[in-house]
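If you read the protein sequences in the order shown, they are chains A and B. The first sequence runs 0 to 303 under my numbering. The second sequence runs 30 to 371 under my numbering.
Hint data in this document are derived by calculation from the structure and do not stem from the laboratory. Backbone N, C-alpha and C define an ideal beta-carbon position, used for all residues, glycine too. Hints should not be assumed to be uniformly reliable.
[Said to hold, decoys possible] Below, computed lysine to any residue pairings styled on SDA-like, alpha-carbon distance capped at 25 Å:
1. A:K173 <-> A:L258
2. A:K200 <-> B:V342
3. A:K19 <-> A:L263
4. B:K239 <-> B:F215
5. B:K353 <-> B:K200
6. A:K200 <-> B:F343
7. B:K200 <-> B:T321
8. A:K94 <-> B:V339
9. A:K173 <-> A:A190
10. A:K94 <-> B:F343
11. B:K318 <-> A:L263
12. A:K19 <-> A:K200
13. A:K298 <-> B:T321
14. B:K353 <-> A:R103
15. A:K298 <-> B:K353
16. B:K318 <-> A:N124
17. A:K94 <-> B:Q345
18. A:K173 <-> A:W86
19. B:K318 <-> A:S133
20. A:K19 <-> A:S133
21. B:K353 <-> B:Y37
[Unchecked claim] Sample of chain A residues lacking proximity to chain B, with all beta carbon distances greater than 12 Å (derived):
22. F11
23. A191
24. F239
25. P251
26. L285
The primary structure of each chain is shown beneath.
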Amino acid sequence: MEQIAENIGYLFQYPVLNIKTILDGVMIGAIFALAAYGLALVWGVMNVKNLAQGDFVIAGGYICWWLAKQGWVHPLLGVQVAFIVMWGFGWVVYKLIISRVIERDLFTSLLATFGLAIMMAQIMNLMFGSDTQSVNLGYETFFFFNGFVDVPMVKLICLVLAMCLAFGVIVFMKRSRMGQAIRATSQDSRAARVMGIDTEKVYAFTFSLNSAICGAAGALVVMIWVIQPFYGITHSVRAFVIVTAAGLGNLPGVIAAGLGIGALEQYGGFIFGIGYQQAIAVVLLLIVLFFRLMQQRRKRQSLS
Amino acid sequence: MSRNHLFYAVLLAATIAAPFLFPSYTAFLATLWLFIIVALTWDMTGGQMGYNSLGNIFFYGTGMYAGAVIAIGLYFPVGEWTDASRTEVLTVTGGQYYMGMLLGIPGAGLFCGLCAYLIGPLFFGLRGPYFAIGTLGLAIAAGEIVSNIEWLGGGQGISMPHSPLHPDFEKVLIYFLYAGLGVVLFVFLKWLYSTRFGAAINAIRDDEEKAEAMGIHTLRYKTLTWAISAVFVGMAGAISAFQLIHFEPLETAYQTINLGIFMVVCVLLGGKGTLWGPVVGAILFHVFKEVTWNYFLGGQWVALGLLIVVIVVFFQDGLMGYLKHIRPDWFGIRVDEKEADA
């Protein structure tokens, strides 16, 4: 208890610590927002809640890490490789599993993707071991405020890459023919089918795109943070928090919520200690769920 | 004596005789009963009431800790017991051990029931996938938080008092605790599902809005059902605590991907929303797991994930659903010939 009070005291005593915490949070949060956007896409288009979302992120991270370790691909190029590989992986998963549960009730898809999440985490554990891994690019670090705030170059690069990816996806969804088809399907899949859109193709494409976005996000995570086979569930939970807080099809909301979650988690880690970091992500989920529930109660509806 | 009565009598006799007939399988059979208990309780909310929880393991872990705290706290300060740096040896006498067991198991059940009763109104506003994700979050959060509480031993876990019995007799005692709880639960559920209460929770599953409109106080029924299932899971958790002697929060108590998902798989395998489905599913799953587990050489968890996916995707109605489909008359469903032709 005293420790917590003391930590809060530090935040007031040295206001620059706030700047550092928020900056760290924003840089991590941008990546959370990417994964959450993928989840919102799949959720909105085909009404599948993907609990393996975080494991896609971790898988992308391992692709980048492994290629860099072999010395084949520079980690920054590994982001693109992870994007492409996870695209193919997502397509296979869609054809094998998701296409069979898409018409079924929601718990079915939730449980099927939970099974997939367990399977992926264990396969990665068998392949890469259970140690935490990260890629160190060895770029310089900038210091501000007498060294209180450190901003590593690599974090800035990752932030820019994340922004580029998000921008690319937004433009794609707005301008391209496929993007229009995806948006039409998410509004009304039956009408879209009547209008000649091959919804099956749209579903496969959306799920692959989601998986690819997650893969790229994971490759960014491995450069600025650590990955471990069993961290996937926490990333899934974060994605759910963000989507639940922001709502579907609300891209600015997703980005804002992503950055906010990142900052809140950093604050939580600072105040309660690093041991609570996983717990904070999950407790945020419960808080957001109940907050949304209270909003719905006012309209005499339940959260479904 | 009808055929049904004879069937149940034979089953009961087999239950009582099993640990003496197959002494080397006692631990296996005890775990089997644990699976049956958690599957039956999961089915209360998941199958009969339509609220698919992924976090019923929360009550299992909480039951373990509650049982441990009661059994230890009766005679020693818990903080002192879990203090890793203590040098003096704390032991309990035989009488104290059984007293702890006698109070700890029902106490854990009541505590979990109370927990469910208190958090139920919060969670039952969530429907469908939100309920599943919310309860999953509850279980994960509880495990993470407990592993940071030093008073409960933190991430190292907590050790139970040592049993005064010889390990072989201890195994039999644990078996009968599980089996007794399982039999009581089964009889209780058989009765419960035949009452208006059972009809009410089935109505909630089929159409909650209509049930509400018909005058069923749905929230009260949902909370009560969850609390009843929590009582039994909590008691099973406390028995597990006595069985395991030492346990830690993340992998044993709040084992989200282990027992937490097994119970759902058992129910799906056997058939959701039936009385016998969870029992049959638990037996099938546990036997399958025990027989094949050793052959996967570290890949058993991959196989488990695959099994979940396969069951969910291809075999969701479960064994009982399949039997209902091919032999409807066994379940008292009469198929009209004309209707069947059409």
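Task: Given hint K200 of chain B paired with K353 of chain B - CA-CA distance at most 25 Å - done: Roughly 38 Å separates the two Cα atoms, so the pair is violated.
Task: Restraint check for K94 of chain A with Q345 of chain B, where alpha carbons must lie at most 25 Å apart - done: 19 Å, holds
- [ ] Mind checking the alpha carbons of K19 of chain A and K200 of chain A for me, to see if they're no more than 25 Å apart?
- [x] The hint is violated at about 45 Å.
Task: Agreement of K173 of chain A and L258 of chain A with the hint, judged by alpha carbon distance not exceeding 25 Å - done: It holds: about 23 Å lies between the C-alpha atoms, which stays within 25 Å.
Open item on the list: Tell me if the straight-line CA distance from K173 of chain A to W86 of chain A falls inside 25 Å.
Closed with: Roughly 20 Å separates the two Cα atoms, so the pair holds.
Open item on the list: If we take the beta carbon of A191 of chain A, is the closest beta carbon in chain B still more than 12 Å away?
Closed with: 23 Å, holds
Task: Check on L285 of chain A being off the interface with chain B, judged by Cβ distance over 12 Å - done: It is violated; L285 of chain A is separated from chain B by about 5 Å at its closest Cβ, not greater than 12 Å.
Task: Pair hint K19 of chain A and L263 of chain A, alpha-carbon separation not exceeding 25 Å - done: 13 Å, holds
Task: Separation of F239 of chain A from chain B, once the least beta-carbon distance is taken, above 12 Å - done: 6 Å, violated
TODO: Assess, step by step, whether the Cα of K318 of chain B is no farther than 25 Å from the Cα of N124 of chain A, and give holds or violated.
DONE: Holds. K318 of chain B to N124 of chain A sits at ~20 Å (cutoff 25 Å).
Open item on the list: Run the distance test for K200 of chain A versus F343 of chain B: straight-line Cα separation, threshold 25 Å.
Closed with: 22 Å, holds
Open item on the list: Checking one constraint from the list: CA of K94 of chain A to CA of V339 of chain B, max 25 Å. Satisfied?
Closed with: 14 Å, holds
Checked against the numbered hints given earlier, the structure breaks hints 4, 5, 11, 12, 13, 15, 19, 24 and 26 and satisfies all the rest.
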